[in-house]
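Asks: One-letter residues, chain by chain:
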Amino acid sequence: MDIDLLFRIAAIGILVAVLHQVLARAGREDQAMMTTLAGLIIVLSMVIKEISTLFESVRTLFNL
Amino acid sequence: MSEVIKIIAIGMLALIIIIIIKQYKPEFAIYISIIAGALILLISLQKMGEIVTLIKNISDKAGVNGKFLSIILKITGIAILTEFAVSICKDSGESSIANKIEMGSKVIIISMSIPIISSLLELMLNILP
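First to last, the sequence lines map onto chains A and B. Note that this note's numbering has the first sequence beginning at 1, numbered continuously upward. Note that this note's numbering has the second sequence beginning at 1, numbered continuously upward.
Quick caveat, the hints were computed from the structure, so don't treat them as lab data. C-beta atoms are modelled at their ideal positions from N, C-alpha and C, and glycine is treated no differently. Hints are not guaranteed to be accurate.
Claimed, not checked - Here are the simulated lysine-lysine pairs, BS3-like style, with alpha carbons at most 27 Å apart: (1) B:K100 x B:K74; (2) B:K25 x A:K49; (3) B:K6 x B:K90; (4) B:K47 x B:K6; (5) A:K49 x B:K6; (6) B:K90 x B:K106; (7) A:K49 x B:K47; (8) B:K22 x A:K49; (9) B:K47 x B:K61; (10) B:K22 x B:K90; (11) B:K90 x B:K100; (12) B:K74 x B:K90; (13) B:K90 x A:K49; (14) B:K67 x B:K106; (15) B:K74 x B:K106; (16) B:K74 x B:K47; (17) A:K49 x B:K100; (18) B:K56 x B:K67; (19) A:K49 x B:K74; (20) B:K61 x B:K74; (21) B:K106 x B:K56.
Claimed, not checked - Per label pair, the in silico range of CB-to-CB distance: (22) B:P115 x A:R8: 41 to 49 Å; (23) A:M46 x B:N126: 51 to 59 Å; (24) A:F7 x B:S59: 37 to 45 Å.
Given these sequences and hints, build the entire structure.
Replies: Shown next as structure tokens:
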């Protein structure tokens, strides 16, 4: 589960960067911005899921 | 030994990915550093469980008050999480947020250690003639 999370985020990042360039070249700046925001939100949800597992494990370990 | 290799591998991998991604989309670099930090911490926390149980056993044998031990463990947990957040904020250049997080967690730690301090003072008062 853990290492491929890094690859997934890197892949989304590169994909969004490429999409941004393509859409910008095609003259649709607003859609380019939309795809960047969408990519950011997707990655944010993955990061938050991982952070919540981390906080949960610390909480149960130290019974905070 | 395999944990050390895994931790170093994740660190190096994240470093390389960040360098690649930073040129195109700097926002994703922060995400990757957060995820790498979280993964490494999760791996080390699995080992931490054994340490915590060892400390509990020893303290039970030594007759240390269980309440104080749980407070100490809570403070350790808070310190770990705070350090995690502070280093990420400093990494992305927001040292003012890092200082606020650090100050807030210090206040919480001190407020949690009040029972220990008060029992220490009572002990000293009893000892003094």
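Asks: If a hint holds in the structure, say so; if it doesn't, say that too.
Replies: Hints and how they fare:
Pair hint B:K100 plus B:K74 holds up; C-alpha atoms about 20 Å apart against a cutoff of 27 Å. Restraint check: the Cα-Cα separation between B:K25 and A:K49 comes to about 22 Å, which is no more than 27 Å; the hinted pair holds. Taking the CA atoms of B:K6 and B:K90, the gap is about 25 Å. The hint holds against a cut of 27 Å. With a C-alpha separation of about 13 Å, the suggested pair B:K47 and B:K6 falls inside the 27 Å cut-off, and the hint holds.
Using a Cα cut-off of 27 Å, the hinted pair A:K49 and B:K6 holds, with the two alpha carbons roughly 21 Å apart. Restraint check for B:K90 and B:K106: the C-alpha separation of about 17 Å stays at or below 27 Å, so the hint holds. A hinted pair counts as satisfied when its Cα atoms are at most 27 Å apart, and A:K49 with B:K47 qualifies at roughly 22 Å. Restraint check for B:K22 and A:K49: the C-alpha separation of about 23 Å stays at or below 27 Å, so the hint holds.
Using a Cα cut-off of 27 Å, the hinted pair B:K47 and B:K61 holds, with the two alpha carbons roughly 22 Å apart. At roughly 17 Å between alpha-carbon atoms, B:K22 and B:K90 fall within 27 Å of each other, so this suggested pair holds. Taking the CA atoms of B:K90 and B:K100, the gap is about 11 Å. The hint holds against a cut of 27 Å. About 24 Å separates the Cα atoms of B:K74 and B:K90, which keeps this hinted pair within 27 Å; it holds.
As the CA atoms of B:K90 and A:K49 are separated by approximately 22 Å, the hinted pair is consistent with the 27 Å bound. Only pairs whose Cα atoms come within 27 Å are accepted, and B:K67 paired with B:K106 is accepted, the gap being roughly 20 Å. Using a Cα cut-off of 27 Å, the hinted pair B:K74 and B:K106 holds, with the two alpha carbons roughly 13 Å apart. Distance check on the hinted pair: B:K74 and B:K47 sit about 17 Å apart at the alpha-carbon level, within 27 Å; holds.
With a CA separation close to 24 Å, the supplied pair A:K49 and B:K100 stays within the 27 Å bound. Restraint check for B:K56 and B:K67: satisfied, since their Cα atoms lie roughly 11 Å apart, inside the 27 Å limit. As the CA atoms of A:K49 and B:K74 are separated by approximately 23 Å, the hinted pair is consistent with the 27 Å bound. Proposed proximity of B:K61 and B:K74 is supported: the alpha carbons are some 20 Å apart, at most 27 Å.
Proximity of B:K106 to B:K56 is assessed by CA-CA distance (about 24 Å); at most 27 Å being required, the pair is judged to hold. In this structure the supplied range 41 to 49 Å holds for B:P115 paired with A:R8, their Cβ-Cβ distance being about 45 Å. Range check, A:M46 to B:N126: about 56 Å between beta-carbon atoms, so the 51 to 59 Å window is met. Between A:F7 and B:S59 the CB atoms are about 43 Å apart, so this pair conforms to the stated range of 37 to 45 Å.
Checked against the numbered hints listed earlier, the structure breaks none of them; every hint is satisfied.
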